[in-house]
Amino acid sequence: VVYEQEGVFIHSSCGKNDDQDSLISGVLRVIEKENEVVVDWRPLDDTLDTSNILCAGKDSSSVVEWTPTPKEKCPRGADRPSSYEAEWDMVTTVSFKKKPHSNGDATTHANGESKWSFLFSLADLKSIKQNKEGMGWSYLVFCLKDDVKLPALHFHHGDSKLLIKCLEKHVVLNESPQDKRVLLVNSQNKSLSQSFENLFDEPSYGLLQKLKRDPYTVTMGRFSKVTNYIFDSFRLSDPSSQRRPPSEMADFLNDAIPGLKINQQEEPGFEVITRIDLGKQPEVSRREPVSAEEWARNMDSEGRILNVDYIKRLIFKGGLCHTLRKEAWKFLLGYFPWNSTKEERANLQKRKTDEYFRMKLQWKSVSEEQEKRNSRLRDYRSLIEKDVNRTDRTNKFYEGEDNPGLILLHDILMTYCMYDFDLGYVQGMSDLLSPVLYVMENEVDAFWCFVSYMEQMHQNFEEQMQGMKTQLIQLSTLLRLLDSGFCSYLESQDSGYLYFCFRWLLIRFKREFSFQDILRLWEVMWTELPCQNFHLLLCCAILESEKQQIMEKHYGFNEILKHINELSMKIDVEYILCKAEAISMQMMNCKELPQAVSEILGIESSSVTPDSDTGEDESGAVLSCPTSLYQSISPPVIAANGTRDSTQQTSETQGLTPA
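For the sequence shown, position 596 matches number 998 in the numbering used here, and the numbering has no gaps at all.
Be careful, since some hints might not be right.
[To be verified] Computed beta-carbon distance windows for the label pairs:
#1 Glu745 to Ser916: 21 to 27 Å
#2 Lys551 to Ser916: 56 to 62 Å
#3 Asp711 to Arg792: 35 to 41 Å
#4 Lys567 to Val710: 51 to 57 Å
#5 Glu570 to Ser767: 41 to 47 Å
#6 Lys964 to His724: 30 to 36 Å
#7 Lys752 to Asp822: 35 to 41 Å
Source of the hints: derived by calculation from the structure; they are not laboratory data.
We treat Cβ as the ideally placed atom computed from N, Cα and C, and that holds for glycine.
Required output: the full structure, derived from the provided sequences and hints.
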């Protein structure tokens, strides 16, 4: 029940004196069910019994006689909602017809129950008529699509505008040009929104509001519950129409998330991109993880990293051995400056420890009474506890309900709310923290590494979600350049907006890879090589890997969502890293790379062809060429097919020295 109002009367005009209305007091409710929203009014004396609600048959188009549902008491308690839903799934329209009566009471049936109760689906609503301002009690008259008008509902306690606001969350209401008192229902766009929200099996309060409030819940694990109902709801009402206008889904998503503009294939500006030949993707291989010995050899006697670019290239190509992560991640995330000495880092940790525990003391010292008066802090704590309780327990570090790891997870997130109270806590942040805490095994270091990570990710969790909007648009641009045919196919199946990638982007693939694989993936991304927004190329690599199955099996809207969702924990991280790197090299070697793509990847002078020998253009400016990025590394490799070749190990790998 999303709206409930008592003191809503029907003036029945059924008293002994026909000039005087008989007032029937009732309760008006708006109820969200699995696949629809219904408006329900019933007299106060039978508000707890659904069996007396009168409904038309499923095939009725205009009803003049009431057909009461069979007298069947609804069970009370937990089972009642499902019974209610089963009883009224077939309601399509309602109507009234006065019958003779012998007394001044409200009309009753033979069983003694009121006949005035009614219920209808918002999908059947055509218009709402309001009273003139200043003319007695406010009232509303609902008119259904078959032109049946329901009795006027008089709001003796006022607040009819609250009902209108509630309904506007589910349907679009526009003033009639002929009569400003009449609100016309524009159902097409809202039905799209309603259907889209049903993908997540969530109450339909509005996609934007839910994403703002709880992007984690909206995106985590909901795509697996796609049904044919959703697919059919997206279709136009004309049964001969098998496809919506190509721009319709982009228009809908732009309405749901303001500022999100995803171009469709008809847009002329994309013709240039689709004609570009990127050439064949180069073969790419990966090396062994960087060992503690390699790391130590690239450090001077005072603990400074001798060649930052070189060590980053090693990490990008192979990742880190696990024993090295605790130290190296602090550099990769920006907690430790790359040029700092061991002594400087020790002093930094001491200062940061003091700062952390001062912030932790702030929320630890808040009494229950104080927290009751601070709604934001109370809400943050509630969200954090909920998120911590559903932390991935497959890792031993977080096993058990009272595990110290879970307690630290909670404390760090609460302290982060003190650090950035404006942003506070948004569900999904715990997914970013849990691997960091697992690696650091230290509360203070994990907190400051998390702070650094959130500096990269904060736009994903801000109220306006500008980071998510931008990334979805950029991903669409990159995928169109990479494979315009695949993009066109996705658009033809109402999937061109790539919304199924939302979860990937929101928490950086945390739910798509195993716990150990995500450690490897993140450390590679944190090197910021080989270009900006490498995570978008990872998305492209995954989609391109699934392209053949999606297109050959003619997957539609439902099947694409289901297939992408079921990839979770089945993706080969090394293969995808190879493929994404190959895509980056393919694009950076392109002589006619579109300006929009150059800006996304952070590539300058993309239209100038670098000299293959000197790496310089005609003006003498040195260009960044992807092939030169790794030429000093010749380790044992893992090819894109996953096989390991130990014969390519050279003396340079055995005795790495700073470049």
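So the hint says 35 to 41 Å: do the beta-carbon atoms of Asp711 and Arg792 match that?
-> Check passed, 40 Å falls within 35 to 41 Å.
Does 35 to 41 Å hold as the CB distance between Lys752 and Asp822, or does it fail?
-> Since Lys752 and Asp822 have Cβ atoms about 23 Å apart, the given range 35 to 41 Å is violated.
Would you say the C-beta atoms of Glu570 and Ser767 sit inside 41 to 47 Å of each other?
-> Cβ of Glu570 to Cβ of Ser767: about 44 Å, so the range 41 to 47 Å holds.
Is 51 to 57 Å a correct range for the gap between the Cβ atoms of Lys567 and Val710?
-> Since Lys567 and Val710 have Cβ atoms about 56 Å apart, the given range 51 to 57 Å holds.
Outcome for the supplied range 30 to 36 Å, where the beta carbon pair is Lys964 and His724 | 34 Å Cβ-Cβ, so the 30 to 36 Å window holds.
Is the hinted range of 56 to 62 Å satisfied by the C-beta distance from Lys551 to Ser916?
-> Holds, since Lys551 and Ser916 (Cβ atoms, about 60 Å apart) stay within the stated range.
Pairwise beta carbon distance, Glu745 to Ser916, judged against the given window 21 to 27 Å = With Cβ atoms ~38 Å apart, the hint is violated.
Of the numbered hints stated above, those contradicted by the structure are hints 1 and 7, listed in ascending order.
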